[in-house]
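Knowing the structure of chain A, use the given hints to seat chain B on it.
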Amino acid sequence: MGKITLRNVQKRFGEAVVIPSLDLDIEDGEFVVFVGPSGCGKSTLLRLIAGLEDVSDGQILIDGRNATEMPPAKRGLAMVFQSYALYPHMTVRKNIAFPLKMAKMDRAEIDRRVDNAARVLNLTNYLDRRPGQLSGGQRQRVAIGRAIVREPAAFLFDEPLSNLDAALRVNMRLEITELHQSLKTTMIYVTHDQVEAMTMADKIVVLNAGRIEQVGSPLTLYRSPANLFVAGFIGSPKMNLIAGPEAASRGATTIGIRPEHLDISRDGGEWPGEVGVSEHLGSDTFLHVHVKGMPTLTVRAGGEFGVHHGDRVWLTPQPDKIHRFGPDGRAI
Amino acid sequence: MATQHSKTAARLMISPAVILLFLWMIVPLSMTLYFSFLRYNLLMPGMESFTGWDNYYYFLTDPAFAAALTNTLLLVGGVLLITIVGGTALALLLDQPMWGQGIVRILVIAPFFIMPTVSALVWKNMFMNPVNGMFAHIARALGMQPFDFLAHAPLASIIGIVAWQWLPFATLILLTALQSLDREQMEAAEMDGASPVARFVYITLPHLTRAITVVVLIQTIFLLGVFAEILVTTNGGPGTASTNITYLVYAQSLLNYDVGGGSAGGIVAVILANIVAIFLMRMIGKNLDA
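Taken in sequence, the protein lines are chains A and B.
Under UniProt numbering, the first residue of the first sequence is numbered 1, with each subsequent residue one higher.
Under UniProt numbering, the first residue of the second sequence is numbered 1, with each subsequent residue one higher.
Next comes chain A alone, as it looks inside the complex (with noise of 0.2 angstroms):
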C-alpha cells in the first residue's frame, strides 16, 4: 500500500518560502514524477515526503496515517538519491542488506531477499564486490537494490538518473520503468528531465517556483497544457509561442503551435518565412524558420526534408492542434 496525500503542505528555509502551499493525492501504485527547472522545489517536495526535511506547515498523510512528524525510518518509503549515496566501505550484498540488518531481521531472511533483488537487478555477479569497483549504471542498481528489499510503501527517486551518460539513461530509465510494471509499488520521481517525465509517469506534476502548475497524465499535459509554462515545458522541441496580432486574430494573448504540428512546404502555405538553421536527424528534420512578425519559429518535418539556408518556405498551423492562451497565461 502505498497512498501519499499531502495537505496544505507549506516549507519555509527561514525567509525564503520554497513551497508556498501544496495540495497533491497521489494514489496506491501510481509512477507519479515531478518536474520543473531547476530550483522549483521538486527535490524539497520529495524530501518533506521522505522526512528528511521538516514540514513548515499542513499535513503529509502516508495510506490515511498522519506521518508528518514521523521519522523518516518509520514512514516506510524508501529512496534512491542523486549520489546513489552508497556505501563505500561496504560491499555490494551488504549495502543492500544494510536497512534489513538495521531493522534487525534474521540471517536466513536478510540472505534471501538480498540475493532475490540482486536477481531482479542483475547484480548477482557483483555482490562481493565494493561500489568502487562498479560502473555508473551498476551503481545505480545497487542503490535501487537497497531501496527494494524493504519492500517499502512506496519509492522515492532524486534524479537518479543525472549522472549516467546518454545511452545508459534511456536503459535505466526502461529498466526502472519495468520494475514498476512488476512491483505495482508506487513510485515518486524527480527530474528536470521532461523526456523521462513523459517516458514513465502515470502522472506529471509540473512545478514550478513551488507550485504546483498542473496534474495529468503525460497525454494531457502534452494536448492540453493548463497555461503557458506547461505549454512551454512539455514538449520537445518546445512549443511555439507566438503573441501579437496573429494571436490577436484568433481571440487570444498569446497562440502556441508544437512544431510537429506545423504542415512546411515550399510552394504555399500560411505563414511565408526562411530558413535558418536546420537540424538534420535522419529520422526527423527540425528547421528554424523566420516569419516575418513572429519570434524564430521551430518546425519538425518527417524523415529528409532537403532545404538550405535562406530557402524560402511556407508554414501552415493545424488548426484544431493551436493552443489559446488568454492575458493571464491561462489555456482559453
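I should point out that these hints are in silico values taken from the structure, not numbers from a laboratory.
These figures come from a predicted structure and were not determined experimentally.
Glycine is no exception: its CB is placed at the ideal position from the N, C-alpha and C atoms.
Hints should not be assumed to be uniformly reliable.
[As the list claims (entries may be wrong)] In silico DSS-like pairs for lysine-lysine, Cα to Cα no more than 30 angstroms straight-line: (1) LYS94/A <-> LYS286/B; (2) LYS101/A <-> LYS286/B; (3) LYS74/A <-> LYS184/A; (4) LYS203/A <-> LYS74/A; (5) LYS74/A <-> LYS238/A.
[To be verified] Using C-beta positions, here's what the derived DEER-type ranges look like: (6) ALA89/B <-> ARG65/A: 34 to 44 angstroms; (7) LEU288/B <-> PRO37/A: 42 to 52 angstroms; (8) ALA16/A <-> ARG105/B: 24 to 34 angstroms; (9) ASP284/A <-> ARG105/B: 21 to 31 angstroms.
[Said to hold, decoys possible] Now the stretches of chain A that chain B is said to cover, found in silico as 3 or more residues with beta-carbon under 8 angstroms: (10) 73-79; (11) 91-104.
Okay, now just chain B, sitting in the frame of chain A:
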C-alpha cells in the same frame, strides 16, 4: 615530458637537495654509531677507546631500560587512546551547526600552538601543584586532600599533559574528515532505519578510518620522542617512574657524562622506533591504500 633527456635533467636538478638531506641524516647517524662503540666519558676527555658491544650490553641490561621501554609504550599508547577517542568526540561536536563555530574551532586548536615546555610548566605550576595549583584548590574546596599528581602519578600526569597538547591535532584532522562525509550517505542511512549510534558505527567510523590512521602514524612518530614535558615536570622521576627512552638517552649521556652509553641508547631507540613503525604499517597501513 618523460623523455630520457628530461629524466636525466630532473635527476641532476633534484640531486643537490637529495644529497644534502642524505648527508644531514647519515653524518649524525654514523657519528652516533661510531661513538656507541667507544668508551667515551665527558669527564675524561681524550681517553676514548674502542670497547666493542659493551655500551650496548650495559644499556640494555640497565634496569632503567626495561622501565623506560614500558613507560615509552604506555605514554605513546595512552596519548593515542585519549586523543583518538577524545578527538573523535570533539570533532563530532564541532561538526554540529552552532553559533560562533569559527571562534570555537580556533579556540580548540589553540593548545597545539603552545610550545611543549611552556604548556608543561603551566600544567606543573598552575594546575598540578599540590599547594597553589588549581586542582589542589578545587580539592580543598570540596574538602578533600590535594593530590600531588607529579609525585604520585607522574607517568599518568605526563600522559595527560601530552594528550592535552595533541588533542587539537587529532580533532582538526578528524573534523576535516567528518566534513568530507557525503551528506546523502547519512540521509540514506537515516532512511534505512539506522539509529544515530548505528549511523556512527556503520557510516561515520568507517569513513574516519583513514584519518585515524594518519593521526596514529604521525602522533606515534612525535610521541616516541617526547622529552621537554618530562624534563620540566618530573625529570624522569621519581626514580624511573616517568623516564622514557629519549629521556634515558639524555640522562645517560648528559647527566652521567657517558656519551658512549648514550649513543648506544640512541641507536637502540632508532631500532625500536623502526620496529614500532613496521608493526604500525603492518596493522593499519592498508587503510591508506585508496
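- Task: Given the range 24 to 34 angstroms, decide if the beta-carbon distance of ALA16/A to ARG105/B lies inside it.
- Result: holds (27 angstroms)
- Tell me if chain B covers the stretch 73-79 of chain A under the three-residue, 8 angstroms CB rule, please? Coverage by chain B holds here, the residue count being 4 at a Cβ distance below 8 angstroms.
- Straight-line Cα separation of LYS74/A and LYS238/A no greater than 30 angstroms? Violated, at about 42 angstroms.
- Item | Distance restraint hint 21 to 31 angstroms, applied to the beta-carbon atoms of ASP284/A and ARG105/B | The hinted range 21 to 31 angstroms is violated for ASP284/A and ARG105/B, with Cβ atoms some 58 angstroms apart.
- If you check the beta carbons of ALA89/B and ARG65/A, does the distance land in 34 to 44 angstroms? holds (38 angstroms)
- Item | Whether the CB-CB distance between LEU288/B and PRO37/A falls inside 42 to 52 angstroms | holds (44 angstroms)
- Query: Taking 30 angstroms as the top limit, are the C-alpha atoms of LYS94/A and LYS286/B close enough?
  - Reply: Since the Cα atoms of LYS94/A and LYS286/B sit roughly 21 angstroms apart, the hinted pair holds (cutoff 30 angstroms).
- Task: Starting from LYS203/A, check that the Cα of LYS74/A is at most 30 angstroms away, please.
- Result: holds (26 angstroms)
- Given as covered by chain B, does the stretch 91-104 of chain A meet the bar of three residues or more with CB within less than 8 angstroms? That given contact holds, which follows from 4 residues of the stretch 91-104 of chain A lying within Cβ reach (below 8 angstroms) of chain B.
- Distance restraint between LYS101/A and LYS286/B, which requires alpha-carbon spacing of 30 angstroms or less: Since the Cα atoms of LYS101/A and LYS286/B sit roughly 27 angstroms apart, the hinted pair holds (cutoff 30 angstroms).
- Mind checking the alpha carbons of LYS74/A and LYS184/A for me, to see if they're no more than 30 angstroms apart? Holds, at about 21 angstroms.
Going down the numbered hints, you'll see the structure goes against 5, 9, while the others check out.
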